[in-house]
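Same order as they appear, the protein sequences are chains A and B. Residue 1283 in our numbering sits at position 277 of the first sequence, with consecutive numbering throughout. Residue 1398 in our numbering sits at position 392 of the second sequence, with consecutive numbering throughout.
None of these hints come from the bench; they were simulated from the model. Predicted, not measured: the structure shown is a model, and the values here were computed from it. Any given hint might turn out to be false.
Facing chain B, according to a computed beta carbon distance under 8 Å, are these residues of chain A, among others [claimed, not checked]:
#1 P1099
#2 S1109
#3 S1467
#4 E1573
Quick reminder that beta carbons are idealized off the backbone N, C-alpha and C, glycines included.
There are 2 protein chains.
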Amino acid sequence: MVNKYSERIDALRAVMEKNGWDAAVISGSDPHSSEYPAPRWQQVKWLSGFTGEAGDLVITRDHAGLWTDSRYFIQALTQLEGTGVELHKTRVPGAVGIPQWLSGKAKTVVVDGLCWNVDAVKEIADALGEGGLVVDVPDMLEDLWENRPQIPVTPITTLDVDTFGGTPRTEKISWLRKWMLLKGVDRVLLSSLDEIAWTLNVRGSDIEYNPLVISYLLVSQDDVKWFVKKGVADDPDTLDSFSELEMDGVEVEDYDAVFFALSDFSSEQSPVTLFIDPSTLNHHINTYIQDAYPAERIVCGTSPVILEKAVKTPSEIESMRQTYIDDGVAMECFLHWLETEVATGREVDEWEASERLTQFRAQIPGYRGNSFENISAYGPGAALPHYSTPREGSAVIRPFGLYLVDSGGQYLTGTTDITRTVPMGDCTDLEKEDYTLVLKGMIDLSMAVFPRGTAGCQIDSIARMPLWKKMRNFGHGTGHGIGYYLCVHEGPQSIRYQYNPQPLLPGMVTSNEPALYREGMHGVRHENIVLCREAGISEFGDWLDFETLTCCHFDTSAVVPEILGPEALEWLNDYNAWVYRTLAPLLPADTAAWLRDKTMPI
Amino acid sequence: MVNKYSERIDALRAVMEKNGWDAAVISGSDPHSSEYPAPRWQQVKWLSGFTGEAGDLVITRDHAGLWTDSRYFIQALTQLEGTGVELHKTRVPGAVGIPQWLSGKAKTVVVDGLCWNVDAVKEIADALGEGGLVVDVPDMLEDLWENRPQIPVTPITTLDVDTFGGTPRTEKISWLRKWMLLKGVDRVLLSSLDEIAWTLNVRGSDIEYNPLVISYLLVSQDDVKWFVKKGVADDPDTLDSFSELEMDGVEVEDYDAVFFALSDFSSEQSPVTLFIDPSTLNHHINTYIQDAYPAERIVCGTSPVILEKAVKTPSEIESMRQTYIDDGVAMECFLHWLETEVATGREVDEWEASERLTQFRAQIPGYRGNSFENISAYGPGAALPHYSTPREGSAVIRPFGLYLVDSGGQYLTGTTDITRTVPMGDCTDLEKEDYTLVLKGMIDLSMAVFPRGTAGCQIDSIARMPLWKKMRNFGHGTGHGIGYYLCVHEGPQSIRYQYNPQPLLPGMVTSNEPALYREGMHGVRHENIVLCREAGISEFGDWLDFETLTCCHFDTSAVVPEILGPEALEWLNDYNAWVYRTLAPLLPADTAAWLRDKTMPI
């Protein structure tokens, strides 16, 4: 079979053969370890057609494989048809990762060192063992990829902390410098885009859904150098932002100048020590650092910005509370519209529903776009955890069964993420049972109280146990951190089955989204966003719990009360009553009246 | 203040000063990393008077400290009074372990290398840093300790697997040899007494409560050498055991000959590789090994016997099921006796109750002693998780409030462990609430279903959440592994708040014992023993759950049904009905009639 993807893979193979490379490993990320790469770096998509958010390719002379996780198994099988690319499952028992797979199969492996982090390349090199070689060819696909997109350059804006919450950049830089003193390092190089955006209080739109600016940041006790494309420097907002930054002591330099800045170690008057985070720093830039700095002058570790960013400040929390109420207004308007349209017999398809939701959200003050691609899925489509709604020919939403909508907005005052599964009319017993079991898990986790020091992986089973008792499960995490007008997925905390020792701390904002997927039938996911907070102190210790930020009712028509149990039922009724009380004054009268009915206690 | 303990400590200090030792670190264990050391090795007790099961001492010129965990905080404060020994808390947030504490305070530290494992000594040496020195003085206290007990020598018996379940020793040795081939080692040295007893199917009574024989075992592809005290070799059972072992190819050698056996590496015809487990092997014997074997010929790791022993065979499981029923007969007879005595106004104290329980247990066929010291505690005494009932002047059990009894038997067909908290009459609301919350946690964990691969630490929160929601907690683990006519505490699995990656496997037998302690008031602990088993396979994976082995009713008089909730209440009624159904035919008529009343559904 031949299609444009298999042709591209063959073209790459020809280059590999010419150069004596046994395998090419293509990253699904960019030079900044971003979850969503800009089009320029969507190399996996260009080579294979796969559009999932997580996936890496390995091409050898006789094999082409895509490594991705359970969220994308079904999607991958569809999208890879005819490409010759085979699916390799990750995060399943007995999974073989790329490094182990390569071991024994390849000696010389080529990577685009810009798009792989230091740790990942080291893992590959270690797996190849003695005699193995990792060749770094930055922009490896450049010559094959006609009209490859450029590095994006979009207007840059700075955040006004007085209006939108957060901490002034000068304070953040002071905090970082204090950390550097304690750590005994002279310079910190940041390359993760959300860490940079957080530190400088800057936002852009270089990457879809993520309000980020492609750049590097180098901080020392004396100066702060921001390496960024200046292409739209004639944009007035960008110009203002640059002057504001410079007034705060941030030197704005060209993106590519970072290589020179890192290479001038020898010109330093006294030896300096550089801190890097090899789990996000790209391999290519690291080769410059390794050449310029003596090994003992490079300190590796986890960037301190990650944890600091995850713990929201009181002003950020206050803003997020309001933002989630505003976002709830859009959601309720959408859900009311959808129910009315479908009930009156109009043929609304998934795509139209998705577009309409975005329109409702766009009316919220401070809206700056969606925080990820809307998942608008009816029936079997919802069984794909990360279903991508097709623009043409998407499924029509019928007045029965389950419709799942997972969406979120970027607002100047926070990032939102919410999933509701909507019973569109009659549901089967199995749909109701799944709907209720997942809801019970979500509620049980919402009600959890836990000692300070508890990590998300220690309470993950609370959300899963109602499903587990019926021998049902879902393949993804229960909760991810959420940024403040930043990435919709952020660390370091998570609520997962897998071990992650990071304790949940007061101020962390995390999703709570258990689910269930039945291929070819239906999918259920209920997602609220919860804020970890102090619950009190007792003679038995210091306690934390969750405050739910998301403000949007759960439909009770598919709830089986006996499955939910009295405690969760009470929570549900209380929650729906709070949603009505909070949103009714903000909603159009007909939507408010409709919501009153939807939130009646059961 | 001066008492006999402070005098002994001062005597040790004089020796330390003479030798130029800054600190002496005294272990609460023996040369085999046993949890319960024989009297000879109860050095912590001899020096400080502390009798807890876990505790190590550090003596410096100006400080004496006992390191122990929350189970013994209250006990330690009482027992250490007047000794000058201060309590250092372990397993609490911010706890400073012995190695860190020594760091900077001492340069030369003396240890009895026989009683510290290799890892522990390495940790101390690492903490001392450059210029630090760990001096190994085996039997360090020998000269100070008048009439120090000898190494115990008790009759040895072998288990008849046809009668009592288990696997023949020849099969176990074959299994170990296969493991050695796969691991690429020529010899395995076992020093943990329960690993040796399991491998050889031998039992003794060298250690109170644990049917073990003090010995070492050295296994190669060609021979099996058991190093053991032969002092009672004129005992006919012991003689029979030795011949039986020798018929199976086990050479019985003298205990001390292990040092020679390990030192003869240079006489080997071809170089051999030795496997040791540095987490249990004592430091002193390791110095012999390090002298005799080149470093590359010593392989360190976790002994494979630990996991193999923890996964009970079908015949062991069958025997344990019956043993737990027999043990339940003793428990119900005891509980009936206790209730009757107290109700009729007799003054039964904790000690008498404990003795009576042992008498009931001693009537069970196959009984070989208790598996640990009975905890028989009324009222405030029960607030000490490991209360030691005094022979004289123990509390009288009154017809109100809570009595806690934690006990277990050693039987030829298994080891038991059970805790019941008994409402003796009227209880306060707080007693009832605590009683019910702990019971709910125990029941929730009993009902858990989980995917294959799940570790105990991932479901620990299931047992704690009812307490956590009321900001209550307990400081010990929820569950420990249990041996088969071996130690009542064994690994590698556990159900704990702390991380332990060992998955729960079908065949593992573990305790389920959440609790709550209110100092000066009352204590609640409910403990059943559960068997992990296969629950089924679904489209969502492979599932495990628990079968409860313990067969003894829970008193419902202190249960608050609304706190328990409908699901746990149904479990409780079903469980009590099963206990009655199972035990009634085995009980005296009056006890059976009493049990019928006690197990009526609520």
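Practice task
Have a go at the S1467/A hint: is there a Cβ in chain B nearer than 8 Å to its own Cβ?
Solution key: holds (5 Å)
Exercise for the section: Hold the hint about P1099/A up to the distance rule: shortest CB distance to chain B must be less than 8 Å. Expected result: holds (7 Å)
Practice task
Please verify that hint: S1109/A, Cβ, nearest Cβ of chain B, below 8 Å or not.
Solution key: The hint is violated - S1109/A has no Cβ within 8 Å of chain B, the shortest such distance being about 20 Å.
Practice task
Verify the interface restraint on E1573/A: the C-beta must sit less than 8 Å from at least one C-beta of chain B.
Solution key: Result: holds, 7 Å to nearest chain B Cβ.
Violated hint: 2 only; the structure is consistent with all others.
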